[in-house]
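Residue numbers (this note's numbering), protein chains in the order written: chain Z, 25 to 243; chain P, 25 to 243.
It is possible that some hints are incorrect.
Pairs count within a copy or across copies, as identical chains cannot be separated in the list.
[Said to hold, decoys possible] Derived pair list, reagent style SDA-like, types lysine to any residue, alpha-carbon separation capped at 25 angstroms: (1) K92 with R53; (2) K102 with A122; (3) K102 with D166; (4) K92 with A78; (5) K102 with L83; (6) K92 with E145; (7) K102 with R116; (8) K92 with H77; (9) K92 with P132; (10) K92 with D134; (11) K92 with D82; (12) K92 with F234; (13) K93 with R61; (14) K92 with R62; (15) K92 with R69; (16) K102 with T57.
Bear in mind the hints are in silico, worked out from the structure with no lab data behind them.
One-letter residues, chain by chain:
Protein chains: 2
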Amino acid sequence: MRTTPTPVQPTPAAPAAPAPAPPAVDPDRADLTPAARRVLETASRLFYERGIHAVGVDLIAADAGVTKKTLYDRFGSKERIVVDYLATRDARWRAFLAAHHDPAALSPVDRVLAVFDASREWMAAHSGKGCSMVNAHAEISDPAHPAYAVITGQKQWMLELFTRLAENVSPDAARELGRSLMLLHEGALVTDGLDVLPDAFGRARRLAAFLLSTARQAR
Amino acid sequence: MRTTPTPVQPTPAAPAAPAPAPPAVDPDRADLTPAARRVLETASRLFYERGIHAVGVDLIAADAGVTKKTLYDRFGSKERIVVDYLATRDARWRAFLAAHHDPAALSPVDRVLAVFDASREWMAAHSGKGCSMVNAHAEISDPAHPAYAVITGQKQWMLELFTRLAENVSPDAARELGRSLMLLHEGALVTDGLDVLPDAFGRARRLAAFLLSTARQAR
DNA sequence: CGCCCACTATACAGATCGGTATACCCTGGA
DNA sequence: TCCAGGGTATACCGATCTGTATAGTGGGCG
Chain Z
25 MRTTPTPVQP
35 TPAAPAAPAP
45 APPAVDPDRA
55 DLTPAARRVL
65 ETASRLFYER
75 GIHAVGVDLI
85 AADAGVTKKT
95 LYDRFGSKER
105 IVVDYLATRD
115 ARWRAFLAAH
125 HDPAALSPVD
135 RVLAVFDASR
145 EWMAAHSGKG
155 CSMVNAHAEI
165 SDPAHPAYAV
175 ITGQKQWMLE
185 LFTRLAENVS
195 PDAARELGRS
205 LMLLHEGALV
215 TDGLDVLPDA
225 FGRARRLAAF
235 LLSTARQAR
Chain P
25 MRTTPTPVQP
35 TPAAPAAPAP
45 APPAVDPDRA
55 DLTPAARRVL
65 ETASRLFYER
75 GIHAVGVDLI
85 AADAGVTKKT
95 LYDRFGSKER
105 IVVDYLATRD
115 ARWRAFLAAH
125 HDPAALSPVD
135 RVLAVFDASR
145 EWMAAHSGKG
155 CSMVNAHAEI
165 SDPAHPAYAV
175 ITGQKQWMLE
185 LFTRLAENVS
195 PDAARELGRS
205 LMLLHEGALV
215 TDGLDVLPDA
225 FGRARRLAAF
235 LLSTARQAR
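Please put together the full structure from these sequences, using the hints given.
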């Protein structure tokens, strides 16, 4: 449905884009004990590098220099560690984005492109097997799994971010533009992770700039 | 490196795009015994729905109505089933694409857009948790794993396909266009799987058409 | 002092992992 | 008639999985 090119479709009732919810957890996880932080850091690295199901709690505990007793005292279950892994990574990404994002100094278009620059830097630093949310989604089949909400929430937040930023470029086409920017960004994430294209984020950035340049005037 | 917008960069030595290699396996797997086919079909469904590491051979054998003896007589190892899963799915996708693709009747641009149409149909039929290759890549850490070659080979094949199709639209910019089309296609694949956008392939198709329309004249 | 908290160390339970072994059944063709 | 191949059924192997149990250590604090 709605494959026809419905040109604009203004936001029906809500006057502005919804303010994105703040991350549910502290990016630094200062709420955790030192051993618990070591567990989460170790588990996050292993989950991302090898996959969630391929990593057992024994390995996590051993690599973190912690006994399984401590691990289960702090987290209660592996499932909980998985959720914390995704939620913390999400919180850190949002903090990283906020730090690489000077809203006052940039034009509306540059504010969009800054997201792609931040992603490129993020992926270069956390070098990569692609998006941890997408990868986790591939391993979690049950939608009732508590990690599912984190995954979909992260993607929804990104979509709302792009839509909100697009409103400053072209208010009428913000929803459509936001979705297209989201598609470009996800495409860069996955192609970067698969190492199939050189400089995927640079390419996505150029395509986004191209898209925005046409959206500002016509469309 | 090379983040500067190097405009065109013509193919250095090779006169034309490389002819894509044919799939290594028969899409129908007529080479397998009936029980082996049941094993592969069952394993493929479970691997895709639940993830590779989350599915054991006992479950595969039970769901296929086959004993583990038969399973190991036919395949020898779980790893081999995984490789066959990915290779067969790849072969079927290429056959599906060839069937939904009348090269004589379509214009160069339409031939590109037909790929996005085929992907939309494919994903609607094999409804979705995204790209099986990307999902498998998330679970396989060792690049020496035999499935790795299947995954990268499939993505490389798609990139070459887009590049080859782009040559008929704009020979000078074929390489660049092919990469951008690849990025759009991967973006649609992942956003479709995550259910974050409505009609991701329709959107990618529109963006591709937009990109091609500008590439045919200028750029 | 006494108590709690974070942590270590070791052992084990119950289930499932990939993979193997023995033994038997059924059908088609030489 | 014989026999090989594809298949069934069941039991088992060692390893690993998530999760729990018992016992003990050291430091901060009221």
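Hint-by-hint comparison with the structure:
For a Cα distance limit of 25 angstroms, the shortest separation of K92 from R53 inside one copy, 20 angstroms, qualifies, whereas the shortest one across copies, 46 angstroms, does not. For the identical chains of this complex, K102 and A122 are neighbours neither inside a copy (30 angstroms) nor across copies (45 angstroms), given an alpha-carbon limit of 25 angstroms. Proximity of K102 to D166 under the C-alpha cut-off of 25 angstroms is found in both arrangements, the shortest distances being 16 angstroms within a copy and 23 angstroms between copies. In this assembly of identical chains, K92 and A78 lie within 25 angstroms of each other by CA distance both inside one copy and across copies; the values are 17 angstroms within and 22 angstroms between.
For the homomeric pair K102 and L83, the shortest alpha-carbon distances inside one copy (12 angstroms) and between copies (22 angstroms) are both at most 25 angstroms. When the C-alpha separation of K92 and E145 is checked against a cutoff of 25 angstroms, the pair qualifies neither within a copy, at 35 angstroms, nor between copies, at 48 angstroms. For the homomeric pair K102 and R116, the shortest alpha-carbon distance inside one copy (21 angstroms) is at most 25 angstroms, but the shortest distance between copies (37 angstroms) is not. For the homomeric pair K92 and H77, the shortest alpha-carbon distances inside one copy (17 angstroms) and between copies (22 angstroms) are both at most 25 angstroms.
Taking CA atoms no more than 25 angstroms apart as the test, K92 paired with P132 passes in neither setting, with 50 angstroms inside one copy and 60 angstroms between copies. Taking the shortest alpha-carbon separations for K92 and D134, neither the intra-copy value of 48 angstroms nor the inter-copy value of 58 angstroms comes in at or below 25 angstroms. In the homo-oligomer, the alpha carbons of K92 and D82 lie at most 25 angstroms apart inside one protomer (7 angstroms), although the nearest pairing across protomers, at 28 angstroms, exceeds that limit. For a Cα distance limit of 25 angstroms, the shortest separation of K92 from F234 qualifies neither inside one copy, at 52 angstroms, nor across copies, at 55 angstroms.
Proximity of K93 to R61 under the C-alpha cut-off of 25 angstroms is restricted to the intra-copy arrangement: shortest distance 15 angstroms within a copy versus 45 angstroms between copies. For a Cα distance limit of 25 angstroms, the shortest separation of K92 from R62 inside one copy, 13 angstroms, qualifies, whereas the shortest one across copies, 41 angstroms, does not. Proximity of K92 and R69 under a CA criterion of 25 angstroms is satisfied intra-copy only: 18 angstroms inside one chain copy versus 35 angstroms between copies. Only within a single protomer do K102 and T57 lie at most 25 angstroms apart by alpha-carbon distance; the minimum there is 17 angstroms, versus 40 angstroms between protomers.
In the structure shown, a violation is registered for the earlier hints numbered 2, 6, 9, 10, 12, in ascending order.
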